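Novice: Each chain, letter by letter, is given below.
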Amino acid sequence: MTAAGPGAPAAGRRALRVPRWALILAQLSPALLVVGGLFAGGVGLGLAQSLGYLPFLGGWSWNLDAYRAVWADPAVRASFALTFRIAFLSTAAATVLGVSAALLVHRVGRFRSALTSVLSAPLPVPHIVGALCMLLLLSQSGLLSRVTRAAGLTETQAEFPALTADAFGWGIIAEYVWKESPFVAVVTLAALTGGVDDLVGAARTLGARPWQCFRHVVLPLISPSVAATSILVFAFTFGSYEVPFLLGRPFPAALPVVALQYYRDVDLAARPQAMALAVVISVLVAVLVAVYMALLGRLVRRAP
Amino acid sequence: MRRAAVAWLLAATFLLPLVPLATWAVSGQWRYPDLLPRETSGRGLALLVDPNSDVLTGLTTSLLIGAVVTVLALAVGAPAGRALGLYTFPGKRVVQFVLLAPAIVPGLAVLLGIQVFLLRYGLADTVAGVVLVHLVPTVPYVTLLMTGAFANFDVGYEQQARVLGAGPLRTFWHVTLPALRPSLAVAGFFAFLVSWSEYVLTLLVGGGTVKTLPLLLFAYVRGADLTEAAAVGMLLVVPPLLLVALLSRQLSGSPGAMVGLGRL
Numbered sequence: 291m292t293a294a295g296p297g298a299p300a301a302g303r304r305a306l307r308v309p310r311w312a313l314i315l316a317q318l319s320p321a322l323l324v325v326g327g328l329f330a331g332g333v334g335l336g337l338a339q340s341l342g343y344l345p346f347l348g349g350w351s352w353n354l355d356a357y358r359a360v361w362a363d364p365a366v367r368a369s370f371a372l373t374f375r376i377a378f379l380s381t382a383a384a385t386v387l388g389v390s391a392a393l394l395v396h397r398v399g400r401f402r403s404a405l406t407s408v409l410s411a412p413l414p415v416p417h418i419v420g421a422l423c424m425l426l427l428l429s430q431s432g433l434l435s436r437v438t439r440a441a442g443l444t445e446t447q448a449e450f451p452a453l454t455a456d457a458f459g460w461g462i463i464a465e466y467v468w469k470e471s472p473f474v475a476v477v478t479l480a481a482l483t484g485g486v487d488d489l490v491g492a493a494r495t496l497g498a499r500p501w502q503c504f505r506h507v508v509l510p511l512i513s514p515s516v517a518a519t520s521i522l523v524f525a526f527t528f529g530s531y532e533v534p535f536l537l538g539r540p541f542p543a544a545l546p547v548v549a550l551q552y553y554r555d556v557d558l559a560a561r562p563q564a565m566a567l568a569v570v571i572s573v574l575v576a577v578l579v580a581v582y583m584a585l586l587g588r589l590v591r592r593a594p
Numbered sequence: 064m065r066r067a068a069v070a071w072l073l074a075a076t077f078l079l080p081l082v083p084l085a086t087w088a089v090s091g092q093w094r095y096p097d098l099l100p101r102e103t104s105g106r107g108l109a110l111l112v113d114p115n116s117d118v119l120t121g122l123t124t125s126l127l128i129g130a131v132v133t134v135l136a137l138a139v140g141a142p143a144g145r146a147l148g149l150y151t152f153p154g155k156r157v158v159q160f161v162l163l164a165p166a167i168v169p170g171l172a173v174l175l176g177i178q179v180f181l182l183r184y185g186l187a188d189t190v191a192g193v194v195l196v197h198l199v200p201t202v203p204y205v206t207l208l209m210t211g212a213f214a215n216f217d218v219g220y221e222q223q224a225r226v227l228g229a230g231p232l233r234t235f236w237h238v239t240l241p242a243l244r245p246s247l248a249v250a251g252f253f254a255f256l257v258s259w260s261e262y263v264l265t266l267l268v269g270g271g272t273v274k275t276l277p278l279l280l281f282a283y284v285r286g287a288d289l290t291e292a293a294a295v296g297m298l299l300v301v302p303p304l305l306l307v308a309l310l311s312r313q314l315s316g317s318p319g320a321m322v323g324l325g326r327l
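For the record, the sequence lines run as chains A and B. Using my numbering, the first residue of the first sequence is number 291, and each one after it goes up by one. Using my numbering, the first residue of the second sequence is number 64, and each one after it goes up by one.
Do not rely on the hints blindly, as some may be mistaken.
[As the list claims (entries may be wrong)] If you anchor each label on the Cβ, the simulated ranges turn out as follows: (1) B:A282 - A:A371: 37 to 43 angstroms; (2) A:A371 - B:L310: 38 to 44 angstroms; (3) A:A576 - B:L304: 32 to 38 angstroms.
Just so you know, these hints were derived from the structure itself, not from any lab. Please read all numbers here as calculations on a predicted model, not as lab measurements. Heads up, the beta-carbon is just placed ideally off N, CA and C, and yes, glycines get one too.
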């Protein structure tokens with residue numbers, strides 16, 4: 291009597307119906323197997339090896355020796371300072387520059403899409419090519435140094451400040467800012483398109499000053515996207531290898547570079563120390579992301 | 064119109080670092096104080112098409128690995144995106160976290176732990192091993208983008224096709240695939256670009272034998288000839304820029320796509 295229901299014909303034809311949970315499991319398992327397996331496996335095995343597990347060389351001897359050795363190494367301590375400096379300054383500069391660029395471009399009437407295209411040109415450039423670009427632009431024999439010489443500001447290569455292979459990490463920061471501020475800018479622009487203009491218009495009509503509009507209307511609307519983006523930028527600049535390797539020094543080097551130096555040491559006893567650094571990098575990124583998100587959640591809640 | 068001028072100036076500044084790269088790639092002799100090269104030369108570009116150099120092999124390896132990674136990442140990531148986009152189920156947040164964490168935690172820190180096992184089980188120094196580790200950064204983005212795509216996908220169309228008598232395969236081919244084609248194109252584009260730009264994972268797993276273009280570029284940068292290095296650099300940059308230009312309409316429509324771009 292009730293066979294006229296919309297689901298009836300299909301159900302009648304197929305006696306065997308796959309339960310929903312099995313369907314979901316089947317759809318998720320390949321990704322969980324590949325990504326979860328390699329990722330969790332990598333983190334877990336790295337942790338085990340940092341605590342004294344030596345695979346295929348016989349033996350578990352649980353201890354914290356690797357962490358003590360790493361902590362005592364002056365190269366690691368110098369590396370901490372450098373890595374935090376690079377990640378912090380790059381993220382701050384990229385966020386400020388990216389958001390400003392987006393606000394500026396958003397208010398340009400004509401050619402906005404052309405302008406956005408030009409601005410996003412660095413996005414698909416691989417970081418390794420970006421590092422080469424910075425080398426050709428900023429090194430003491432680079433294009434900028436030649437321009438300052440032509441302008442009469444410097445006489446020789448040595449008079450141009452060392453921006454690559456320097457102890458501070460200027461070249462590394464420059465590469466990250468160049469690559470990441472367009473990233474912040476396009477995400478901010480996407481957040482700005484969703485009806486922000488109408489709200490700003492309403493606030494203006496109600497007598498808000500430009501700064502008040504920005505502080506109380508625009509900023510709360512874009513800050514979730516900007517926050518998420520700057521977390522990604524921080525995590526990336528903290529854990530990336532090729533840029534600090536090509537544009538920095540062997541000492542002090544960024545944490546990932548030091549980790550790989552340990553890992554490739556001919557002495558296998560340095561392996562657990564490499565693992566300890568890998569664990570420290572993962573944990574620091576995780577903790578920083580958590581702290582940052584908590585702080586920002588409070589800021590965003592207080593803003594309106 | 065001062066604002067427009069400032070905006071254009073800013074945008075032009077972002078193009079500036081590409082200028083010395085493009086110039087070096089075609090310069091013959093460009094010593095220190097010279098603002099422009101003394102002479103142009105096709106030496107760098109000739110290297111790119113020289114069958115005896117390692118660049119063509121590197122290009123083939125990069126394209127092969129990129130293509131295989133793209134297909135596999137889509138095949139693995141899109142179903143996961145479907146499950147996450149269409150259904151709510153217990154433990155969903157945990158699954159989302161596990162599938163997104165590799166996008167945030169640095170790949171190097173993850174790979175050091177399993178490298179010795181890849182070595183042991185014969186995956187190190189093979190193309191297969193490189194493809195496998197390239198899936199770790201690519202599948203999360205495909206999953207993320209496809210989760211968004213499936214959240215906006217109406218399963219009703221599939222049900223209608225089935226009611227009208229289409230089998231599962233025909234429904235997939237004629238209903239699901241056309242509806243999701245733009246999202247799949249963007250997701251595949253990212254998977255390819257992430258694989259195309261990857262350096263440190265390839266170095267650790269493929270080290271001696273699998274030489275992709277980024278590994279070759281590294282060697283050329285550390286060598287003496289900047290013209291050759293810049294030419295190889297241009298070879299690495301031009302395909303992504305062309306792809307972005309081709310896909311710009313789909314890309315600008317999706318904020319998720321832009322998040323993907325930032326991770327290259």
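Novice: If a hint holds in the structure, say so; if it doesn't, say that too.
Specialist: Each hint tested on the structure:
| no. | hint | verdict |
| --- | --- | --- |
| 1 | B:A282 - A:A371: 37 to 43 angstroms | violated, 30 angstroms |
| 2 | A:A371 - B:L310: 38 to 44 angstroms | holds, 41 angstroms |
| 3 | A:A576 - B:L304: 32 to 38 angstroms | holds, 34 angstroms |
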